[in-house]
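Peer 1: Sequence:
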Amino acid sequence: GDNMLEPSTKMPWFKGWKVERKEGNGEGKCLIEALDAILPPARPTDKALR
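Going by our numbering, the first residue of the sequence shown is number 267, and it counts up by one from there.
Don't read these hints as lab results, they were simulated from the structure.
Since we're looking at a predicted model, the values are computed, not measured.
The reader is advised that the hints may include incorrect statements.
Simulated crosslink set (DSS-like; lysine-lysine; CA at most 25 Å straight-line) [claimed, not checked]:
(1) 295 <-> 284
(2) 295 <-> 276
(3) 281 <-> 295
From just these sequences and the hints, can you work out the full model?
Peer 2: This is the structure:
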């Protein structure tokens, strides 16, 4: 598919994506960059499991 691993010339209308958050901003042009920009949720390791 287009724009999965590298930017494609077949989609000139897609200029990329941006995300703004407290931890830092992210931007990219393809799917792999979007997946790499995902921040995992905080895991409460000091609480009991239920």
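Peer 1: Taking the hints in turn, state whether each one holds.
Peer 2: Hint by hint, here is what the structure shows:
About 9 Å separates the Cα atoms of residue 295 and residue 284, which keeps this hinted pair within 25 Å; it holds. Only pairs whose Cα atoms come within 25 Å are accepted, and residue 295 paired with residue 276 is accepted, the gap being roughly 13 Å. Of the pairs offered as hints, the one joining residue 281 and residue 295 holds, with about 7 Å between alpha carbons and a cut-off of 25 Å not exceeded.
The structure agrees with every numbered hint stated previously.
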